[in-house]
Amino acid sequence: MKIAMVGSGYVGLVSGACFADFGHDVVCIDKDQSKIDRLHDGIMPIYEPGLDALVESNFKAGRLSFTTSLSEGIKGASAIFIAVGTPSRRGDGHADLSFVYAVAAEVGEHLSNNAVIVTKSTVPVGTGDEVERIIKDSGTTRTFSVVSNPEFLREGAAIRDFKRPDRIVIGAEDDFGRDIMHEVYRPLFLNESPILFTERRTSELIKYAANAFLATKITFINEMADLCEKVGADIQDVSRGIGMDNRIGSKFLHAGPGYGGSCFPKDTLALLKTAEDYDSPTRIVEAVVKTNDSRKRAMGRKVLDALGGAEKARGKKAGLLGLTFKPNTDDMRDSPAIAIAQTLTDAGVIVSAYDPEGMDIAKPIMPDVAMCDDPYSAIEGVDVVAIVTEWDAFRALDMKRLKELVAAPVLVDLRNIYNPEDMRAAGFTYASIGRN
0 MKIAMVGSGY VGLVSGACFA DFGHDVVCID KDQSKIDRLH DGIMPIYEPG LDALVESNFK
60 AGRLSFTTSL SEGIKGASAI FIAVGTPSRR GDGHADLSFV YAVAAEVGEH LSNNAVIVTK
120 STVPVGTGDE VERIIKDSGT TRTFSVVSNP EFLREGAAIR DFKRPDRIVI GAEDDFGRDI
180 MHEVYRPLFL NESPILFTER RTSELIKYAA NAFLATKITF INEMADLCEK VGADIQDVSR
240 GIGMDNRIGS KFLHAGPGYG GSCFPKDTLA LLKTAEDYDS PTRIVEAVVK TNDSRKRAMG
300 RKVLDALGGA EKARGKKAGL LGLTFKPNTD DMRDSPAIAI AQTLTDAGVI VSAYDPEGMD
360 IAKPIMPDVA MCDDPYSAIE GVDVVAIVTE WDAFRALDMK RLKELVAAPV LVDLRNIYNP
420 EDMRAAGFTY ASIGRN
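The sequence shown begins at 0 in numbering that gives the first Met the number 0 and counts up one residue at a time.
Be careful, since some hints might not be right.
[Stated by the list, open to error] Here are the simulated BS3-like pairs of lysine-lysine, each with C-alpha atoms no more than 25 Å apart in a straight line:
#, residue 1, residue 2
1, Lys216, Lys135
2, Lys30, Lys59
3, Lys1, Lys34
4, Lys216, Lys311
5, Lys272, Lys162
6, Lys250, Lys162
7, Lys301, Lys311
Hints are computed from structural coordinates only; laboratory data are not their basis.
When you get a sec, could you build the whole thing from the sequences and use the hints?
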């Protein structure tokens, strides 16, 4: 089957490469000529483990190609996926659907055969209805169906998530759409992956509801971590204790500096705006958003406390290890590191940092932070070291070397990757999340 993937960003490129690996003929389409040129040269626009090899093998096999021409790319395609960005709209927080609708209009104009148009982008309830109207208004005479197929890919584990999904959600309004999508995902049907067929609006809401619930779990455990520090309990054991309850589960119960990335911040906000439009308040999600935003600055203040407080911090130095919102990605969107670094620089602290993949993207976002070549140069001469992202490279630091390099042996572990007793034995003043 020929598949057209409109948008060659994170979702589009990963999905397109995986579909090609299933044996489909996939064309990835993007208006950015430089991105397409780089892809032809084997240069990935994003960092995702294993993606470069997957793209290269399928490109060489002739199953994966790239173009800037939508009209050529969709020609003969049975399934046309829309995988463009839906960022939060400036001013009101609604999802910006202008890219989705622009693609829909162009698809309607150039549709040359019967096809299913699939919204892979994360979109609010009712977007598929509008996409369908736009294509109808284009005057096309071809049979088409608009289907919702939200993605559930975790950055850093996207290929594994696509090929071994815990569920595939497909929202279709007719048999034509369901039958085509059945063929698209046939390899996963054969592997007995859980596939849920729903109505289109239900599918659109499932994505937002899932992300809002996971964001709620993160925010809840972070508040419990704060309580643990007050009462002298250990958040690690609290997380394990409640995570052993099968009704709750252990995932997303890791205390830290707050959630970030491309999904949770914008999706929780978009869900709030949708609820407002339908006069259906979502107070829990509203509290989650506000609490998470305030937590990031609070983590900056936690580092300041390790320097003796904001009033004593001016002129001191801090080294940040990790900048991306999570490991195994170069994604800096809404990363807690941004607010932490800003809190420190606002207090007059001199900040240096190292991240294995995110520094090129971080530089323009954090112009006052000195980017370093490795973790040890980032902490040389600093008065406090802060672990912000739990990259594997930071889990086995040479503590003897680190202690020799810093001006003061103070470590703030915002991801709880070290044992407090071990750190004290190594001669460090150690602070973590939700532990004595």
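Quiz item: Which numbered hints are broken by the structure, listed smallest first?
Solution: 1, 4, 5
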